[in-house]
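Colleague: Chain by chain, the residues run as shown.
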Amino acid sequence: MTSVMVVDDDQDLAEMLGIVLNGAGIEVDLVSRGDEVMDVFRNNPPDLVLLDVMLPGLDGIEVCRQIRAFSQKVPIVMLTAKGDTHDVVLGLEAGADDYMVKPFKPSELVARIRTRLRRTSGELASNLTLSDIAIDVLEHTITRGGKEIPLTRLEFDLLVALAKEPGRVFTREALLSEVWGYRHSTDTRLVNVHIQRLRAKVEHDPEYPTIITTIRGIGYKAGVSGTRGH
Amino acid sequence: MRRLKISTGFRRSLTLRVLSTTFVLTTIVLWVVGSALFNRISTGVVNEKIKSSLSESTLAVYSAQFRFSSGGTTDDSLKKIAQEVVNAKKSIKATDSGREVILIRSAKNLDPVVDIDTVSNRVSYSSIPIELRDRLLNSSEPLWAQSTIQYINGAKVPGIVVGDKISIPRVGPYDIYFLFSFESQTHTLELVKRYLFFSGFMLLFLIIGITWLVIRQVISPVRAAAKIAEQFTAGELDKRMSVSGIDEISKLGNAFNAMAVSLEQQIKRLENLSRVQQRFVSDVSHELRTPLTTIRMASDLIFAYREKFEPSISRSAELLQSQIDRFELLLADLLEVSRFDATEAAMEITSVNINDLVSRCISDLTLISLQKKVVVNFENSSTISIVDVDSRRIERILRNLLTNAIDHADEKPVDVAVKSNDSAVSVSVRDYGIGIDPNLVNRVFDRFWRADPARARVKGGTGLGLSIALEDAHLHNGTLKAWGKLGEGAQFVLTLPKKVGGKIDLEPIEIPFSKL
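From first to last, the protein sequence lines are chains U and R. FYI, our numbering numbers position 28 of the first sequence as 28, with every residue one higher than the one before it. FYI, our numbering numbers position 329 of the second sequence as 329, with every residue one higher than the one before it.
Among the clues, some could well be false.
[To be verified] Here chain R is said to cover these stretches of chain U; the calculated rule only asks that three of the stretch's residues, wherever they fall, bring their Cβ under 8 Å from a Cβ of chain R:
#1 2–16
#2 19–31
#3 105–117
[Unchecked claim] In silico DMTMM-like pairs for lysine to aspartate or glutamate, Cα to Cα no more than 20 Å straight-line:
#4 R:Lys-498 / R:Glu-395
#5 U:Lys-105 / R:Glu-318
#6 R:Lys-227 / R:Glu-248
#7 U:Lys-105 / R:Glu-328
#8 U:Lys-105 / R:Asp-325
#9 U:Lys-105 / R:Asp-300
#10 U:Lys-105 / R:Glu-248
[To be verified] So the derived list for chain R, only partly shown, Cβ under 7 Å to chain U, looks like this:
#11 Thr-290
#12 Thr-294
#13 Arg-296
#14 Thr-350
#15 Asn-353
#16 Ile-386
Just so you know, the hints here were simulated from the structure itself, not pulled from any lab data. None of the values given here were measured: they were computed from a predicted structure. Backbone N, C-alpha and C fix where the C-beta goes; we use that ideal spot for every residue, glycine too.
Please work from the sequences and hints to get the whole structure.
Modeller: Written out as C-alpha cells, the structure is:
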C-alpha cells in the first residue's frame, strides 16, 4: 500500500487530508512539526511527502532541503497558502517537485499524488543516450562516463521526456502535461525551475547549455539548437 | 520655428523677460533724456553764437559806416575802403570763428555812381536768403537769418547771416551782410552728441548688469526652491531648502520646509495606514485559505455522496459546493488585488507567441461558448508575434476578456483579432451584444462595479476581473482600453510592448472612440 507523509500543523486539515487519502487507498503518516520530519522519515520512509510551507519548528523550505539531502528519489509536493512566485520558486529550488495552492480540490490532490508516484516510461526501451549521457530507464539512473549523476524522480522524468524524442521542440505546456500531468496549466515556473535544476546537474556549462537547449518563444528540446525538428 | 523657440524661452525665463523689459525701457528713457539734453545744449550754443554774431556785426557796421563817411571821396578810394571793410577781420574783433562779408547795393539804390559790390573770400551771393534781403528793405534794425554759406568753388558751410544797411556818400544806400560760420559749434555739438551716446550706452549696460545681479539674487533661491519641490514631488520626501538669514527669501524657505515636513508626515501616516490595511487584507486572505481547504475537502466528500441523502440535504450539499467555488474565486481575486495594492506583484517573463496564447484561451472556453451559443471568430495568423510577457497574467487577462464578451454577447458572434507592429502587439475582443453605456465604459475597470446590478448575480464573477486585468496590463507597461455602446456591443483592446519595459510607439489596434 502506498504511504504518504503529510506534514501540516493544522490538525483539522491534516485529519481531513487523512480521510481523503485513506478514501483513495493511500496510507497516511501525520507529522505536525517541521523538526520532527526527519526522524519519522528515517524510521519509516514514505513513498511521497506532502509538505506545508509554514510549519512550527522548521519551515517547509528547510525541511525540503533536508529531505533532498537524505533522499533524491522521494517525490515532494509542497502545500502553500501563498501562490506568490517567491515562495513557490523557493520551494521548487529547495527540491520540491510540485506544489499545490490552498485551497485545492481533493480530487486534484489525489490525481497529483498519483502522477508523482506513477512509474514512468515503462514501455520504453530500457536504454537511451543523450549526448554523452547514458540513461537507464529501468534502473532510473543516468551515467556520464560510467559515473552516476543523482537525479530526483521528476528530473529524471523530465530528461526522459526530452530524450525519447531528441530534436522535438517541447512547449512548456507540453512538458507540463507530459511530466506533471497538467492539462490546462500555464504555470511555466514549474518547468523553468526544474529545467534549471536539471541543467545544473547534467550540463558541462549550465550558462551555455548544449544538452537541453532553449528555443526562444517556444520551449525546450534535447540536443544542440539549430536543427529545429517538426 | 525659431520664433516659437524664442517666445517659449521668453515665457520660460523670468530673467530673460525682466532683462529685455529693462533694456527696452532704459533705452527709451535714455533716448528721451539724451535728445532733450542735446536739444537744450545745441539751442544754447546756437543762441550764444547768434548773440555774439549780432554784436560783432553791429560793431563792424559802425566801423564801416565811419570809414566810408570819412574817407570815401573818389571812386577808387571808395573801392579801396570797401575792400578793407570786407577783408578787415582783425581790425574788428575777429574771433575764433571765421566770418565772411558781402557788400551789396541796396535794392532801393537804382542809379549808383559807382559799383562797389564786394565779397570776401569768393563767397557766393546766393548765400544770402532772398527773404532776408526783402525784409531788410523795410527794416531800420539789423536782421539775421540762418543760412548756408556758399562759396564759388562749391563749398558749403552752415552759418548765420546778419544784414544791415549802410549809407555810403555819393553812392547811396548799401546792404552789408556778415556771414558767420557755425563750423566750430557744429563740431562742439558733434562731440557733445558722441559723449551723450557713449554715456547712454554705458548707463544702459550698467543698468542691465545691475538688474541681472538683482534678478540672480532673487531668482537663484526661487530656482533652488523649485528644484527641491521637484525632488520632493519625485518622492524624495526628506529634501529641504537650506535657509540662511532672515530676509523674505528665507521666509519662503522656512514656509516651504514647514510645508514639506507636514506633507511628509501626512504621506508617511497614509502610507503606513495603507500598508497596514493591505497587510491585513493579505493576511486575512492567507489565513482563510487553510480552513477553506478543509471545508473544501469536507464539502467534496459530502458532495460525492449527495445521492445517498434525502433531497433537501442533497440540494444543500450542491449549494455548499457551488458557494465554496465562488468563495474561492473571490478570495483568489482579493489576494491578487491586495498584491497589486502592495505593489508586490512579481512577473515571470517568458517569450510566447501571442497567437498561440489567444487560441489556447479560446479553446479552453469552448464549453462555455457552446453553452451560451456564441461563436468566437479568430484567425490564427501565420505571422508569429513573439512577446516577452508573464504568460500566466496575460492568459488571465485574455480569459477574462473572452469570458466577459461571451457572457454579454447575447448569442451573437465574438470577434477576436491580433495585430502587431515593431513595438507592440494588440489583442482586440469585440462582441455585438448588450453593450455598455459609453459614459460608463471606463468604470468597468472599477473594483466591484456592476453595469447592471439586477443581472449581476446571474452572471457570476467576482467583480474584480477587469480591474485585475487592467493592473496586469499596466504591470507589463501595456494598456487595456474599452469601448462600448448600448445595443451595439463592446470592444476591449489589450496592447502590450513586445519587450519587457519597452514602449508602445503606436497601438496596432485602436478602439473606435478613445476616451482615455
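Colleague: It remains to establish, for every hint, whether it holds in the given structure.
Modeller: Tested hints:
With 4 residues carrying a beta carbon less than 8 Å from a beta carbon of chain R, the stretch 2–16 of chain U meets the three-residue requirement, and the given coverage holds. Given as covered by chain R, the stretch 19–31 of chain U passes the check, having 3 residues with a CB less than 8 Å from a CB of that chain where 3 are the minimum. Under a criterion of three residues with beta carbons nearer than 8 Å to beta carbons of chain R, the stated coverage of the stretch 105–117 of chain U is upheld, 3 such residues being counted. Of the supplied pair hints, the one linking Lys-498 of chain R and Glu-395 of chain R holds, its CA atoms being roughly 16 Å apart against a limit of 20 Å.
Between Lys-105 of chain U and Glu-318 of chain R the alpha-carbon distance is near 15 Å, which keeps this suggested pair within the 20 Å criterion. Of the pairs offered as hints, the one joining Lys-227 of chain R and Glu-248 of chain R holds, with about 19 Å between alpha carbons and a cut-off of 20 Å not exceeded. The suggested pairing of Lys-105 of chain U with Glu-328 of chain R holds, with an alpha-carbon distance near 11 Å, which does not exceed 20 Å. In summary, the hint linking Lys-105 of chain U to Asp-325 of chain R is supported, as the alpha carbons are separated by about 10 Å, within the 20 Å threshold.
Taking the CA atoms of Lys-105 of chain U and Asp-300 of chain R, the gap is near 8 Å; set against the 20 Å cutoff, the hint holds. A C-alpha spacing of about 71 Å is found between Lys-105 of chain U and Glu-248 of chain R, which places the hinted pair above 20 Å, so the restraint is violated. Hint status for Thr-290 of chain R: holds, given a least beta-carbon distance of 5 Å to chain U, under 7 Å. Annotation: Thr-294 of chain R was flagged as interfacial toward chain U, and the flag holds, the nearest CB pair being 5 Å apart, inside 7 Å.
Checking Arg-296 of chain R against chain U by beta carbon gives a least distance of about 5 Å; that is within 7 Å, so the hint holds. Among the interface hints, the one on Thr-350 of chain R holds; its C-beta lies about 5 Å from the nearest C-beta in chain U, closer than the 7 Å criterion. Nearest Cβ of chain U to the Cβ of Asn-353 of chain R: about 6 Å, under the 7 Å cut. The hint holds. Interface hint status for Ile-386 of chain R: upheld, as the beta-carbon distance to the closest one in chain U is roughly 4 Å, under 7 Å.
Taken one by one, the earlier hints fail for this structure only at number 10.
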